[in-house]
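Engineer: Quick note, the sequences are listed as chains A and B, same order. Each residue of the first sequence is one higher than the one before, starting from 0 at the first, in numbering that gives the first Met the number 0. Each residue of the second sequence is one higher than the one before, starting from 0 at the first, in numbering that gives the first Met the number 0.
Just so you know, the hints here were simulated from the structure itself, not pulled from any lab data. Even for Gly, the Cβ is constructed at its ideal location relative to N, Cα and C. There's no promise every hint is true.
No farther apart than 25 Å at their CA atoms in a straight line, the calculated lysine to any residue pairs in the SDA-like style are these [to be verified]:
| id | chain 1 | residue 1 | chain 2 | residue 2 |
| --- | --- | --- | --- | --- |
| 1 | B | Lys34 | A | Tyr566 |
| 2 | B | Lys449 | A | Asn847 |
| 3 | B | Lys34 | A | Asn682 |
| 4 | A | Lys864 | A | Phe892 |
| 5 | A | Lys742 | B | Gly149 |
| 6 | A | Lys864 | B | Asp382 |
| 7 | A | Lys850 | B | Gly462 |
| 8 | B | Lys34 | A | Ile709 |
| 9 | A | Lys109 | A | Lys291 |
| 10 | A | Lys291 | B | Tyr69 |
| 11 | B | Lys34 | A | Ser595 |
Chain A stretches covered by chain B per the calculated footprint, using a threshold of three residues with CB under 8 Å from any CB of chain B [claimed, not checked]:
| id | region |
| --- | --- |
| 12 | 517-523 |
| 13 | 595-606 |
| 14 | 701-713 |
| 15 | 752-765 |
| 16 | 889-901 |
| 17 | 1041-1053 |
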Amino acid sequence: MKRFSLLLFALLCSIGTMMAQRTVSGTLTDESGEALIGANVIVKGTTTGTITDFDGNFSLEVPEAINTLVFSYAGFTTQEVDITGQSTVAVILTEGLALDEVVVTALGIKREEKSLGYSVQEIGGADLVQTQSTNIVSNLAGNVAGVQVISGAGSSLGGSAKIRIRGVNGLTGGDPLFVVDGTPISNSNFSGSTSGSDFGNLASDINPDDIDKISVLKGPSASALYGNRAKNGVVLITLKKGAKSKGIGVTASSSVSMDKVYILPSYQDEYAGGYNQDLIDYVDPVDGQTYKGLNYSADESWGPALDGTQYRPYWSWFPGADYGTTIPLAANPDNVRDFFDTGVTNQNSVSISGGGEETTFRLSYSNVNQTGVFPNSKFNKNSVGLSAGHNLTDKLKVSTSLNIVSNSGRARPEFGYNGKNPANSFNQWFQRQLDIDKMREYLTPEGIMQSWNIKSPSETGPLYWDNPFYIQNESFNTDSRSRYYGDLTLSYAITDDLNIRGSVHRDDYSQSIEYRNGSQSLDLDSYQETVYRAREDNFELIMDYAKNFGTLSFDATAGGNIRFNNYNSLNGATVGGLNTPNLFNLNASIDRPTLSSYTSNKQINSLFAAANIGYNDFLYVGATIRNDWSSALAADDNSYLYPSVSGSLVFSELLDLPTSIFSFGKLRASYAQVGSDLGVYQNNNVFSTGTPYGSTASFGLGNTLIDPNIRPALSTSYEAGVDLRFLNDKLGLDFTYYNQDSKDEILTVSIPGSTGYTSTLVNAGLFRSNGYEVTLYATPFDKKNFGWNFSFNFANNTSQVVELYEDLTNYKIADAIGGTGWGGLSVNAKVGEEYGALIGGGYTLHENGQKIISESGAFKRTGGKDLGSILPDYTGGLRTGFRVYGFDINAMFDFQIGGKFFSVSKMFNNYSGLGIATVGNNDLGNPIRNPVTEGADSGGILVEGVLEDGSPYSTHVAPSTYYGRFFGFHEEYIYDATYLKWRELSIGYSLPKNVLGGKFTKLRLSAIVKNPLLLYSKVDGIDPSEILPGSNNVVFEERGGLPGTRSFGIKLDIGL
Amino acid sequence: MKFYIKSLYLFCAVAVLASCGDFGDLNVNPNAPTKVGTETLLTSAQRTVSSAVGAVSPELFVQHMSEITYTEGSRYQDVIADFNGWYTGALANLQHIIDLNENPETAGEVLSGGSNANQIGVARIMKAYYFDILVQRWGPVPYSEALKGGSNLGPAYDSEASIYADLFKELEEAAAQLGSGAVAGDIILGGDTDEWKLFANTLRAKIALRLSDVDEGTAKAQFTSAVNAGIFDRTVVYQYLEETANQNPWYGRFVTRQDFAISNTLYDFMIATNDDRLVNFADPANSSGEIVAMPYGLENSDVAPADVSFPNSTYVRAQGVGIPIFSLAQIEFMLAEAAARGWISDDAEAHYNAAIAASMNQWGIDDQDAIDKFIAQDNVAYDAANWKESIGLQKWVALYNQGYDAWVNWRKLDFPVLQPAENPLNVSEQIPLRNMYPESEATVNEENYKAILSTFGGADSDGIRLYWDVN
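So here's chain B without its partners, still in its complex pose (with noise of 0.2 Å):
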């Protein structure tokens, strides 16, 4: 009997115990997915070219809007940036397309998205787009130790002229493996592989121009051996919807707000050319009727938003208006450039018309005899001995809505000749150079920030030139 009683309470004890850690699947969280399509990771990634084509700030520095109220942007008290965000959102999910497609144990999981070599061709071509601004903005930046996740908790920076090196050839490798069949997912470019190697290619001329005053061999030789290859010959945007979630930055900052005018620095350039692009880039002042454009960097402005022209409410802040990713007004004062250089055989003057006439048609200027009257002033005219300030010139007024396209533009062309604004808040008390680099890195990328600070002369500054801005 005692024994029996014995054996009970040991069963009993024994079955509870196994019992205790046993759960089920209590544990699988039923209000997200562990597993989605690669084209959903691909859109998502996509959606942040928004961030890049509709930022503020660029637009502010080259002086193409003036804020109204409040000019601390004006003055460039928002030069520290942080760029994890690029890292974190877009990038990473780009990283784990590539990954995922090149792993033998997913590849076969993830073809919903397109051939395995199409997402690793696309996805590769993003990144490099990505990488591009944020080389472009804060200069070096962690690029070959990145998006490593566990495997590199500390990404060292890497100099300005290896992440150039690199993006060339990744754009270079990325267009080559792209073959025949769509990608899903794609809302730049409707997932045709043909245009995405247009896409490497004109971005690689991009790039390559930039590097003209630094290391002119390869700048030459990436950007003939991309134009060869086949660039764009049309303007591609990024789409906005009329939809709160996928409208028109510029639109939404204006739905409760009234911050930003046509600064008075292109508005008085476009004056003094007779510019019909005007009425199409700014609105009439609610007051007045009149376009009226708002001085730049004041730092007490007694302007009310009323008496102002806000950004035009038809061409740039539509809530379903796209913005250029590349404008082909842009793509032709490229060659204008390369022709000017004589890397190219082409015309120099005929491609700088040809800008002028693309930005006039993409402002809604389709008038030809009145853009060839405009081309004819004598202040507007493709002058070969000053081409640097007639492409500059030019260049920045039909970079208008694309800020950080002309913030390089300035920088590299020195022109148009700017004045920095009233009692600036940033470090350099000048337009600024670069971004700044987010403080977090001090605290939790400390070792590597402080290298990178050494090779600036140990304090981060917006004042210091790129790599590729040589003066």
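Chain A with its partners taken away, still in its complex shape (with noise of 0.2 Å):
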């Protein structure tokens, strides 16, 4: 510790010598003479640089030392110059790959691709904006090598994705840190996690028009200068910026598109609600008469065959016009997809920027309207986004980036296994002759509701769903979001070589949720309210050194953060039901409302140095090191410090080949530490607030046993890569390969509930996880005219427990949902064995390998069985791109090759009589759901197996029998969650800039495809890419999804 900060004190407290500059200019240009505008020039092995302005001009200044100048610009090979004796240069970039330039790393540092010694993939803003996604999450998505994202469905409106930079970082898993210009913000979802509303994830804030690049910094040793937040990679975002111009830029873009429902179940169409195949005689209280009807309680369709037969329907026992009408029983094949609306988004965007000598600014404006698929969901979104420097003196510089958002959504429809989520009851409980047209009328003109679901004819209430119609009009949600984020930073040039500059982070959001349960509802009619409010502030003061002695490049960046959490909840809900029907106010409780609070605060100060060496341009080496001080630590042990060094030698300099056949070649290797921390008051042994008995409080033992001695645990990775180029870049391959062991990482443990606790809180274990990243890339065609370009990538992730915690076998990493009443299915972590490990019940095999039956043909099961691995094997995208004249055609599919599933709208679907799998024939030619008997005519699904004693025996079930024992026998709907997927396509056209003459400096009008296909999946109707709704972290059930949704959209793009 002593001698770290001596070091530090000697990096803050030094002061170069002054130096002499000279002012350098010119003008950079492509090979057409078109001006390069916003290209990136800095003054080499320095971080100092400027960017070229709307005519593609430049002046910068550089210290009398230092003679060469690097120009870079997205999608032209970057260029050294050498400047020995000039003060002005005519630089001629040539069009070609662009990986050798510049990228933003940890703190906003600028630095050369060919020097870094760890992983670092860029994605240009162009790219993300191409498609038009309103979360830039899900634009990530088979764009990066070792990054997956997963995501609830598209008609979910929010639209949550989940990010994972090489699979499952440490057992708890865990999101990379979001930074936008430096500005660490919260990408938190408010989301249930098993059902609820999709109110999407908070990093959906960023506008993607406003993004220059993201840069994905894959491992610890990338981002051991965020702190541990970034433990799991970090997203850097940069955004757009002004640029020195003669006049304002305006750019605007304004898009719209459908969403259509893409993906459902297959379903039965030749069987009716009930529970069995006879119609069944009702006398109608009125006129006496009797008529057939259905079993209107069930919510399952083992009725009977669709045959014709005039009926009465459910709506013919409400009062009204329609009472008394027979209809025939007749399939209706599409009711469930009908129920749909075609769903609309409009996103408009404006931004005008400019600058003068002293002064940039970009100032930009974003709307998004949609309408979702499901009936009456809507989503509004607004951001203003604005970027300013000024140079107040020669040295001194102030800059800001501030953004505000604002949104709002109502009816986000609810996923998962839930009265409330009308796919589940479409899916799981339903009658399939039902006439979805019938449904939209959900009320009577009396104000009934009128559900499919009546108790009897006499009794029209709802027995166990209401109207979906009704829930989505009436029992809806609401949610709304107001939240700004950004910095203001004052940087100050102490010399040429060396910088200070501090700088103030906030990222302050205020996100509101309203609940209602409609009076007509079956559930209690309800109001809940929450409001969650969270601050991050982050104070920053960082000095920067940058020199080259000869061929010797250095530059050191010392600083330190303090960083604040502060988050409030607050939340009410009514008690008993509404006082006045469909008064949706916490005052309208019958009962005393609930009502609880919430608010913790956290603080982390560190310290942190980082420096890198340069050698004669092809040998690199970097260090960092930080020491954080933690709130939520102990009071005496709360400080922990963590290193990294990586290197990188550009060994096709040595080589000395022609570039027209190695162009070039890095090798590099890093190893890192990244400190863990707790969560707030994680180590604060509390008791929980029980339920009162009548005015009698009453408190609970926590379910968690904290150790008292818990203490920061390090994480050591280590990753080595090499990065190849050939015939002028014209094609590369990128290799990774990482390994990471998470040591005593602070964990909580499940242990045996007969220990009074459900888990403990430890220090524990030796997790390793490791595997390796390859992107390919080329550009077969580049011609003036024509141009066809691919990168492919794929990625490999294997994660172990090696050790756990004292006798300890198992980390239980989460529960399916039903608990122990649907077989108690959970997704583990075994020492020794593979991350992830579905545990739950299955097929019983004989000595012989037959499955066990008993002889009313009901499969024997076993608990407590290992069904398979939820993490894939290969993770991976192809994005290929096509350039003809002014026309563009862009198209990018993504894979997942294995991971296992379960599926509960699977398992529902069958035992509800619903799914397709329960009709057809048996073995004997007869339909399954015909009676069963002894003889050739016998209905029934044939199961075969064996005794207990091994002897082979078949038998048929009824399958209404069959598919109910697969209750809870999770090895039948395990699923393979293989898949490749087409994600988007769009086909472009600019208009030639000889053609718009002066005003216009832009004009594209393209057309874009969303989904267009799920082209390999061994899932009917699941699309397996997109199981993972709301805030849940895990992927390992669909339990109720929603559907998928594919979307037709045309964009027009302008610049003025």
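Both chains are given apart, each in its own frame, so use the hints to dock them into the complex.
Structural biologist: See below:
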């Protein structure tokens, strides 16, 4: 510690000697003479630089000692230019792959890609906005090797997307850190995890049109400078900035797209609702006649054949004009699909930017207006962004990046195994013959809800299900969020080589959610209102130093950061119903409403330093060190230090091969440690507030046993990679291998409940995660009027628990819904085995390998059976683009190979006789739904296996019994999540600049298709890439998932 | 000058580093207490009695009630049951009360709950009550190594015999240590330690009687000792309140759903014996206005809820109506059985008749003539030669709405003779004889779980007879 503080001290206090400066200016154009606007110009070996203005001009102060400038621009080959003895230069860049580019690394420091000893992958903003997704996280899917994006269905209208970098890092998984222009921002999610509405992940507040580029720092070495939150990687987002220009630049874009539901399970259309195949006789009390009818109280479809018999539908029992109507009992194959609307998304954005000698600015506004495929659902988002910089003096600069966002949603559908999720009903508990159009009149003229699931003809109240239109129109949730985030930075150039900057960063949002249950609904009418407010402040002081000494380049950064997190929530809910129908207010509560509030504060103080040395442009070594002090750790043990070292060797510089064959080769390696921290108050041993008995208070012991000696812990990782480019960079390959060992991680480990606790918080285990990432890219054609490029990436990750805690042999990651009553499926990490084992009930095999069945044809169930790992073997993506004259075509695919999941929807789809598997013929050629008999006319499903003694046995079982027995029999509904998905297609046309004339700089029209095709999946009716709704973190269970959507849109981009 | 600057830098650096790790009380959770009165822990632990007396599945197993539309519970789908909540909730809180009162460092700080001895005594009795629920449902469960927190992360399962032996000891010792003065936070017996002695003795007698077929010596000794020490002569209920948070669970089950009706098995038996309690067991069906039973355990039911009789809206599913922890009828039946076995010198028939009368009173039938007339019927009157059948059948009726006790009664006395549901969904494909362990044990307590299963022949099943269920 002492040595560290001295080092830091020396860095902070050293003051370089003053150096002479000169001004170099010039112009930058492409081969055709077009000015390159906004290109990077960097003084080699330093972090100082500028960008070119609208005419491709730049002007830059360059230290006398340095004679090289580095020019880079997206899509062009980076060029170094010798400026010895020159004050003006005219530089022409040639088009090419831009991997030589300067990339943004931690703390916003721009560095040459070749000098990095770790893996960073960058995506340009243009690639992101092409398909106009409203959530930037979704846009990362398939783009970056080792980055997996998992999301809920598009129909959720929240579109939460989760990002996993390098599989699961650590036992607890976790999100990467999002940083926008240096400001860490929250990517929290206030959606439910197993059910509820999807309110989106908070990073979706970023306006994609404002993004200049995204750097994904995959390993902890790339991110040691952001502290332990960066352990799972960092998504660094750089927003567009204004530049010095003649006039004011204006860009505008407008798009409209239509969403349609595209994936639904295959339903049977042969049998109606009910439990028996005979129609039921009902005597109508009005006319005394006997009518045929169905079992309206059933929410399963084991009923009579759809043979056209006249019968009384449920709505014929409601008083009114339709009372007494009979209709033929017939199929409605598209009833589910017809429930959904066509969603419409409008996105409009405009920006103005410009700058003079001393000031640059960019101001943008964007609006998203969306109506969902679920009736009555809508979403609206407004965002304003401002970035500005001003030189107060030659040396003192002030800059800011400020973003203000507000959004609101209404009737976002509920997902999960939940009575308020219409899709849950359609796929799991429904009557197949129902006519959806009849349901649209969800209220009778008297204001009574008409549910298809009535108690009986004499009692037309709902039994188990509300009318789905009633839910969407009367029992909906609303939500809104207002947020601002950004920074204010002052930077001062003490000398040419030494710069000091101080910044204040803030991310502040307030999220409110209101839940309603209408007074006609099955459940007690209710209202709940929750307000969350969170604020994060970062105060940062950083000193940068850069200097070249002959063939040596040196740069160093040192600084300190204070982070403060404040969080509050307030929740109120009515109890016992509403005293006035549909009065959605807490004071309408019949019993005393429940109220609760929560507040927390956490602070982390940090000191950090980084240094990099380069030798002769081919050998680079860097190191970082950071010390954190966290308020959430025990006061006497709250400090932890973690270093990293990295190096790169550009060996192509040594080989001297012609660039037309081997243009670039680099080896890189890095080693890093990251400290761990506790959540706020996590080590506080507190009692939980119990439900009072009348006015008698009750408290309970907490369920987590807290180790009082909990201490910070370190995870150690290393990675090595190679970057190879051939044929003048027209072909490239990037390979990375990494290994991360998390030791003594702070874990909440499940323990037997019989200890008195459900879990214990301890330092435990050794968790190892390793894998590799490969990116292959090529530009087979790159002619003036025709181009074709593609990039393909894939990654593999394996994770394993090497040690756990004391005698424990299994770490339970998550439980499936339904708990023990549903058979107790869980996801686990067993010591010595691969992470993510699904453990649940399955077939029992006899020694002879056959499934054991009972004489009644029931499969013998074995509990606690290992049913495979949830982790995919490979994930990856393919992006390709064609350019023909002014047209461009871009397509993006992504895939996953392996990984298992359990489907609740599938289980109940069969259980309730809705699914296609519940009809058809058996081995005897008879419909399986026919009665089971001893003879050749038997219906039923043939069950084959062996009895306990191993003797072969088979029998026919009625399908309702057969599928009924598979409840909680997980193995039957475990699916392989392998998929190949065509995610995006866009076709655009840009008018050539010579046609546009003087006024316009850009005019582009494009057509966009999202989710054009699920090319391969092993599961009928489920998109395995969209099974993770809301805030849930572990993908292992599809439970009442919402249907996927496909969208078609057009977009117009204008630049002035 | 140089020296001064250097000193200043050093001073600054030291000051910065020294204060970096000092956060004052920033990490003190303002949202929840670190210390609470033990009386609040007792209240919390006692609220769990609701889960013991208000459970659904045993009421289905003994065919008091039937499910109407979804019949999976009636077909024994949920025999795998989770015992963890009992340990982590009520039992952990009770153990904590005992620990705080026994630890000399904290014993003086927790007197708001009553004297140390009284608090420990009541907590031990409540613990025994809950462990009795566990052992009568699952059989062997973690006991002697349970509730030890971090000092034993893998509690082994104890045999039923050893758990019962310890429960007897606990109840006897706990009753003995209760002294004068009240216990605070007691929502069951108002803090009265004399009443808690009766509670301990009644519970001990109830458990003792259960062992009659397997260890008659212990059973008789414990039963007579408990009865001699004094048992309840009244019904003790867990009282519900007319508020959502503390409402009767049967009321709650019918707020938005209509899942349960009186079973045809119970209905047919009561009709055959002209039992007046029927009208207070069940409500008339909504459509017909008559009491209509639901056939038990159908696989595919087309019966509409409106056409069958729900549990009675005054006696069973009123929001604030209590459910017996011990009913007087049950206690009289216990005495009747003890007398029939010759353990006590009382007249078995007198207790049998008193039990039926007590049950009639409990269910709103106060006309003694009518009660006498009922008892006098051939198919009701006490038959000393077949006392197991007499007591088994009438106790089965009297234990309506006391599910776990009724399930034990059926398993032990083997009356009434019940037929399993159609196409059962459980392992044994018969009426369950026990609950199966939660499968979480296979992952978090693997070694001990495998060890106990090996005593069952390697696999868990609901068809395994418990220690006391000899035939």
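Engineer: Mind listing which of the numbered hints don't hold for this structure, in increasing order?
Structural biologist: 4, 6, 9, 16 and 17
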